[in-house]
Amino acid sequence: MTGFFNRLKEGLTRTRQNLVDKVEALVTGRTKIDDELYDELEEALISADVGAETSIELVERLRRKVKEQKISDPSLLQGLLQEEIAAILGGEAIPVNLGNQPTVILIVGVNGVGKTTTIAKLAHRWKQEGRKVLLAAGDTFRAAAIDQLEIWGQRVGVEVIRHQEGADPSAVAFDAVQAAKSRESDVLIIDTAGRLHNKSHLMNELSKINRVLDRAMPGAPHETLLVLDATTGQNALSQARIFGEAVGLTGLVLTKLDGTAKGGVILAIHSELQTPVKFIGIGEKMDDLRDFDPGEFAKALFGKEE
Amino acid sequence: MAMFEGLAEKLQNTLKKLRGKGKVTEADVAEAMREVRMALLAADVNLKVVKDFVARVKERAIGQDVLESLTPGQQVVKVVHDELIQLMGGTTSKLNMSSKPPTVVMLVGLQGAGKTTTVAKLGLYLRKQGRRPLLVACDVYRPAAVKQLQVLGNQLDLPVFSMGTGVSPVDIARGATEYAVAQGRDVILLDTAGRLHINEELMDELKSIKSTVKPHEIMLVVDAMTGQDAVNVADSFHKQLGLDGVVLTKLDGDARGGAALSVKAVTGCPIKFAGMGEKPDALEPFHPDRLASRILGMGDVLSLIEKAQSTFDAKMAKEMEQKLRKSDFNFEDFLFQVQQMQKMGPLDQLVGMLPGMGKMKALKDVQFDEKEIKHVEAIILSMTPEERQNPQILKDSRKRRIAKGSGTSVQQVNNLIKTYEQTRKMFKQFADMRGKGPGKGPGGKGKGMFKLPFMK
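Residue numbers (my numbering), protein chains in the order written: chain H, 1237 to 1542; chain W, 23 to 478.
Isolated chain H, as found in the complex:
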């Protein structure tokens, strides 16, 4: 567990450096809590992509607490902020439900967020856990996307259901469910083409995949995960909202957290939408995909270990 925690901490180093160290630098050496300090705190949050609205709200809550508890020592602000952040993130981790046979998981997102890589990491992880995993190459649009998934499939050692480039992704999905049933797979992960959420015809295509899946196996997909690039700014909210309306998300995967000093967008999403973050990608290695545990995350963010 300690090793796991350290790895998580390492992946979040840049986020921590940006946000937490900045906050620490802000409060140390100060003798009183004033408007200037609040403004600077707000800016530190905004710089971490927390978003203007959420940042203002967070600082507002801090102000209230400081008043209520009659706090005058600036160094106590850090702890208070950690509490508030943990509160926004919510307490409980919500794991992916793998109770169905097969459990069908649909992966969606805009272009270039890391859907295919995430699928490879998920497949690797569940295979390690002894599950039988099957992948479906549902990105029939982008050049060589099918090959990309196939190469990952070989590396991980799982099978990939594929059609030709340009084929109907719903057909791929349908066939994959049939294959998963007959091969008695435990998990079927379906890749989809990256699409910008404001293209309604592409969003309709996703709804169709959803309908076809439900026909192939009532209740499927059991999980629909939206993959978000942690480097993304406030548009991540728009993505989560619109994909949610189109296909009904059960969770989010936040990728590339190791490369960004930000990741604050998690807070914005948690405070404005109800969709939980289920996994975070914190590195390029196969096992660098982690369960998102809000408590652990808040702790790792502030670099504290019990």
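These are calculated hints, taken from the structure and not from any lab test.
Note that the Cβ used here is the ideal one computed from N, Cα and C, for glycine as well.
Any given hint could be a false lead.
Under 10 Å between C-beta atoms, here's a sample of chain W residues computed to sit facing chain H [said to hold, decoys possible]: (1) Lys-73; (2) Thr-271; (3) Arg-278; (4) Ala-281.
Could you slot chain W onto chain H? The hints should help.
Showing chain W alone in chain H's frame:
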């Protein structure tokens, strides 16, 4: 995004009460600047860049004489708009071409920014300008990245140079230059692997490619949706490689593209191109004024006009205008409109470019169904010329025949007729509006909002 909709409008409301005053005071401006700050932050412009920007605008806006014709709000909007354009720099979308070919262009950036797609688009763009580009697959890390470039090159009939994934990118780049000379290709486009700006090993690789083939142009590919970190990414790439230009991708999304401002501010490099879609020809020269309008929520009028110009037949458009004025607008014209709209590309993209469309509540939830347009076309094509010109004669039996002929239902035909009537009225309103000045667009308050059948 929603809160960002119409900063221009917000500013005008904030400053409305100033109407009649001779000058904009410091306090007025301070209030307006809060809105500007929030709006820019919501557009993902870097905080530091925002602060500098706001300070500059403030200085310029205070004490400005309020022109007679403008409200103070508009005046401030204009200052903000001007400053935004200035910050984004001039309109240079020219690549540094070497006098001694081949010119070497290297594309770099984070994972998933859109480098490979951009390389293909750029190849097509250059060929249209009479160049002979060579695409080079230097991404040996991402699975199937080489294959992706090969497929794209194949589709566009552009040559692709690759040496598989077992060779170092430096050697591939060197090999490509030799190959280009032998084959008489005059521009080499290097597709490099996506990498984190903090990954020293991979950044060193780019440096060795640079020192080996000496690119004439190093362009950073930036996702328009990038957040506050855009500054660090751009700064780091710039410091390590010395950038010459920037390509902003995925601008066809609904992100405001504030990253563009950050990148320009921190590197000083011009943004040369904008990626506007998944199709290979969806690469456009970057227009700072248009992005400024977009950031302000003023609508991308110029892009729309340009798009319309390139697809609309100018003479036909003139005739159409005449008809609209006289409002003898029949189904023939309606069909023409629908067909023109199809030529202009995805409808939602067009609507996004219309100023004020964001303001229309009714339009926010509207989705466009391209398939429905086909139905509309089929229905009109099933009408006789007489019926198209005199829609009044459409009675039940005619409608039944048309429905049969077009494979639709009488209900759909009725819907179309209703839409046509509404459109005609709307166009009449537009025509009447001319000369009366702006401000009362049809459906401005969502009331009486027209609804085409392909809007759901």
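Verification of the hints:
no., hint, in the structure
1, Lys-73, "holds (9 Å)"
2, Thr-271, "holds (8 Å)"
3, Arg-278, "holds (8 Å)"
4, Ala-281, "holds (7 Å)"
In this structure, none of the earlier numbered hints is contradicted; all agree with it.
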